[in-house]
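Input sequences plus hints: build the corresponding full structure.
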Amino acid sequence: QVRRKNTRNSRWNADAHLRAHERTSNIEADAIVRVDTCQLAANNPIEDFYSAAKCLSSRAFLFGVYDGHGGQQCSRYISTNLFPYICASVLKKHEIAEYPSAERLEWLFSSSDGHLPNAFSEKHTENIVKYHKKFRASQELYQGTVREALKLAFEQCDEDLSRNALPSGKGIIDRLSAMIAASGSCTTLAHIRARHLHVANLGDAAAVLGVVNSNGSVTARQLSRAHCVDNADEVHRIRTSHPASESQTVLRGGRLLGELFPLRAFGDVRYKWPLELQKVVLEPFGHPPPYHLLTPPYLSSSPEVFYHKLTANDKFLVLATDGLWEWLDPDTVVRLVHDHTLGTITQQPYVPKSGTTLNEVREQLRDRAQGEKKTKKPIDENCATHIIRHALGGVSGGATKQYERLIDILQVPPGRARNYRDDITVIVIHFNDSYLKKYDNSEE
Amino acid sequence: LHFQRRFLSTKFTSSADVVICGGGISGTSLAYHLAKRGKKVCLFEKDAVGCSGATGLSAGLVSAPIFWQDVGLQTIAQESMNLYSEMAKSSKFRFVKCGRTYFATSMTNEIVLRRMYSRGIVHNDSVELIDCQSEMLARWPFLQTEDIQLALYSPEDVALDPVALCQHLAATAKDYGAQIYENSTVSEVMLGDEGQVYGIDTTHGFVETSNFVDAAGIWSGSHLIKSLPHQHVQTAIYPCTYSYIHTSKLPTGAVIDSTPIFNDLDANIMLRTTSFKTLAAGFAEDSIRPLARQTNNSTTWVHPEPDWNKFDPNLDKLIHRCPMLGNVNHGDLICGMEAYTPDKLPTIGESSQARGYYMMCGMNGQGLSLAGGLGKLLSEIICDGVAKTADVTRVDVGRFVDLHANSQYLIERTPEVAAMTYSNLYHSHQCHTARNLRMAPIYHQLKDAGAVFGEIMGYERPLWFAKSAQSHKNALMRGQDTLIGKPEWFDRVASEYEACRERVGLIDMSSFAKYDITGPDALKFLQYLCSANVDEPIGTTVYTGMQHQQGGYVTDCTLSRLGDNKFFMVAPTIQQERCLVWMKKWAEKLGSKVHVQDVTGAYTALDLIGPSSRYLMQDVTGLSMTSNEFPTFRCQEINIGMATGIRAISVTHCGELGWVIYIPNEMAQNVYDKVISAGQEYSLQHAGYYTLRQLRIEKFYVYWGQDINATVTPVECGRLFRVDFKKDFIGKAALEEQLERGVSKRFVQLLIDNHDKETDPWPQGGETLYRDGRPCGLTTSAAYGFTLGCQVCIAVIENKEFGVSAEFINRGSYELDIAGKRFAVRVNLHSPTLPMISSEHPLHYRPTQ
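Heads up: the protein sequence lines correspond to chains A and B, in order. Going by the numbering used here, the first sequence opens with residue 1, and the numbers climb by one from there. Going by the numbering used here, the second sequence opens with residue 445, and the numbers climb by one from there.
A few of these clues could be false.
[Unchecked claim] Straight-line distance between alpha carbons at most 30 Å, and here's what the computed DSSO-like set of lysine-lysine pairs gives:
| no. | chain 1 | residue 1 | chain 2 | residue 2 |
| --- | --- | --- | --- | --- |
| 1 | B | Lys483 | B | Lys761 |
| 2 | A | Lys315 | B | Lys754 |
| 3 | B | Lys533 | B | Lys693 |
| 4 | B | Lys536 | B | Lys670 |
| 5 | A | Lys151 | A | Lys309 |
| 6 | A | Lys438 | A | Lys309 |
| 7 | A | Lys170 | A | Lys130 |
| 8 | B | Lys480 | B | Lys541 |
| 9 | A | Lys93 | A | Lys133 |
| 10 | A | Lys437 | A | Lys309 |
| 11 | B | Lys1037 | B | Lys1176 |
| 12 | B | Lys891 | B | Lys1033 |
| 13 | A | Lys437 | B | Lys480 |
| 14 | A | Lys401 | B | Lys754 |
| 15 | B | Lys891 | A | Lys438 |
| 16 | A | Lys353 | B | Lys693 |
| 17 | B | Lys1029 | B | Lys968 |
| 18 | B | Lys1010 | B | Lys1033 |
| 19 | B | Lys721 | A | Lys353 |
| 20 | B | Lys761 | A | Lys353 |
| 21 | A | Lys93 | A | Lys438 |
| 22 | A | Lys353 | B | Lys480 |
| 23 | A | Lys92 | A | Lys151 |
| 24 | B | Lys533 | B | Lys480 |
Please keep in mind that the hints were generated in silico from the structure rather than gathered at the bench.
Okay, structure coming up:
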């Protein structure tokens, strides 16, 4: 009796722990029905952030996951400050309503508070207005493509972030700005305007589209490529942009200058600034420049942008930081989401235990089918939580096994948990079938 | 020393008449047949003979010929059976004549069994039909038989050891001089000039040969051929899973070694119980998975993961039929792979993509039952050019076109085919997967008009027209004939028929194979290929056969002369690839400067049938269409409305007055609309292919592919009047010889008396005809004659001893056995004169003589 009670309590604890930061937003506009998010910390404080907003000027929805490293400051800064740049770079043909650049953004949700220190926010507004003017002035950009606009917004955002950290005219260095610039953030951002999906990616977070075929099977379409040493194109890009003499040092042990895992990121000015500047600005705060810093910048803040026109087969989009992808591959993730939306529990194939008769086999198969119906509702209503549960608890085995593993891994307190897992952030964007079907054949 | 010998033997160059890849039942059977005929054969097997692939994993069950509806397949299965029993005599491998029991719980399958019984008793009177439950219970106490309507016991089915059989076949072939190489793979097939095979590269070395047979089972078509566009031959086979449970013996003393195999047709399950094991298979469509197409690299046999969840529906039915099965251990769920084809028939013959590259694959789960006979047929094709033992039309590789080899098409189709492993397929069978692939431009108009489509060669062809447009999915199956009772379409077809006889009907015939034959030698070339004289004035259409050297029909076709050396040929739909290959082969052989172009997909064909078609044609063309201006068997390029380049041919393929107009596809919708609106004045009605069938059978028109085929000559089917012996043509000598010798076969028309169309089983073709109480022939096709007011069949009567004179035929009294029920029939040597209720009677057709 006691044991059963304990089990129930610990299960309840695990569930509560998992769900502490889950959130469901019913958006029900254009192609998007609902967005599920969930987050689980391993660092203390957590270095992952996410945010969602709507650009009033173009009716585009923006979703981002930000995976910080070397501190939470940069990814926190990006989670609130990147979207305004994107809203400031709305193409002429997409502008449906005229808003001043500061009022274009409607926040949907965010894991960080949107408020910046006043001094900061003034400067930020100033930057945005400047950028907006610049964008409008450049005819080429203004009438160009979303891909180019996104690239420019990312680059400008990083440039401003980096400039904020420079000593002011009076030679004063803002401590917070310097911390922001010194830490880094990988970012995956989805830009969804009507049926047009752009995914801008910087670093090793990823976006995966769940495509359901007419026969009911679901396949994962990756809409981003990780910028890390496994990506041959990235390695090539970095190697060719530095002198051959550096070929031994530029990438060592699978890391940039032997230190940094992602090969593109916001912030991380230690890999961007020249040595002299770092000595002045960063060293006083305890950030020594990396070895072999010969021909900076080494790190790019230009995103890779993928475009996809949504069709009625595209059911959902999963944005997640690399904390998730360490545990689950994209195919499993889309299967989990798909099964979750169908209301069934993902199960491993049945294998009879030795000694069972065919009658028992049949009964067990029937029980499984019944069980699937009975526990039709998966444990979590939130799809993102469902994914994280399976990432940590495993996909195989019964509920008991799953909980055992889950409880084991959740017992490790944040901070120490970083040794076992990374922060995990998951956003699942569910698309509107009928909207996509309706517009499947039309232009817009 | 052993190692050295092996090492030396790995580096050889040799030559052979035929190289076979694959040591399963197909490869070893063929090697045996070829070696027996004195050919120098090399067989390469990547594993050990009989051990890998579908053969090694099969349960070793051989179906008796009685199972097949098609005469050709019956012969093939019989040949297999003969071969295996002969092998079993000379070697001691497991060979048990255990027989098989088929169960039916539904009316449809009851008729299937009754038809099987009718076929069976002709050869073997120990075939049994059992409809008494207490008898079933007494014979098979371990089965639950309460819901079984009818059981059929077929005594000739065999369970044997497939591996030992293959090894014995290989050993026997070796005795005849064949070389068998195990652990050796074919790595490349080399093509020389003109795409002719000249050599095979294997892991053992190079073999020079001009004939290669691909009997590699699921790996068929994966051999590297560098000079082909896809680097391998495109084949219409695809691997799917098949699953069965292998478990311990049933806990009953009632099971002995000679307990028959059980097949429950309605539940689609099979049970094989012996005194030491039990095999339980199920073929539910959703339990079958298509697998990845095998490539040459994946040479290891990897078992697909068995999936109990998917097998579940089968398990339910198995335990229902055999409750005792539930108490035995779960055993192993064995998941094998087998190669399936889009039409559930195997594939043999020379590929059109590489000369000398033969296929023998796609056994559809019946490899053991068919491969023995198919090996014999293919050996005949390789040695003599033509198979004599049985008609190969339905199993010939040439029945497929490129589209059939498309992976996506096969992925969609083959699980359905695999699910029908133990179903009888009839001529009108319709698949529900992989449909709507090829469609005429007017498909949607026809659909809106109520068309119910049937698929042929991927083409959607209207079979009949319902009162309103068919929207629901089941419409795919509404074109099927029924085995018993009046089919759904009967009344509608009656009205379509009436329109074609009394007014005007319109039938879409776009699926027919069409060719343009041009070039300076076109006339000379066709004169040699066709048995009729085609050197007629420009604008003439000739109905002719193309014969092979033995006089049989390669095809029949209509040839329209459009210019001095320009012909337009129309052939049956299923001939699209085969005809082309035949003509190209001969053009090359003869060195003729002739160009044959397949234009099947370029034209939409509308058949305007009926007495009013003349006035309708006049209205839409503005030309005079009187019997002087445009008599029958003429062709002319005409305009209809704004459209040009339409080929009008005054042959309707069913003996009625009318025209087929071949419209370039881009203008088809325009012309169709024009014809429909002009046709309103004459109460034009859409008709489907079934109407054509009723029309032509009543007039005793034999069709290629249904009634006649490569084993029938014009002498035998009463078409001598179309053969011109004054010129030289392929097969002339054989026909002359046959004329002299006389024939023992003759086609007749049967009119069935006292047949209640509401309650009696319907003829489908393949029924046995009795003359004075003794079997004398088989029907080939059947339809309801609306004018004659009875069921009408075409049948072939055979009398090998005395021949079939008119007197012989008229002397007998005849009965037709349809699903076990005997019907008195009247036998016609000629088509009866059909009364026309109104308007003119077409005088142009001459029925079969």
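Violated constraints from the hint list, given by number and in increasing order
1, 4, 12, 13 and 22
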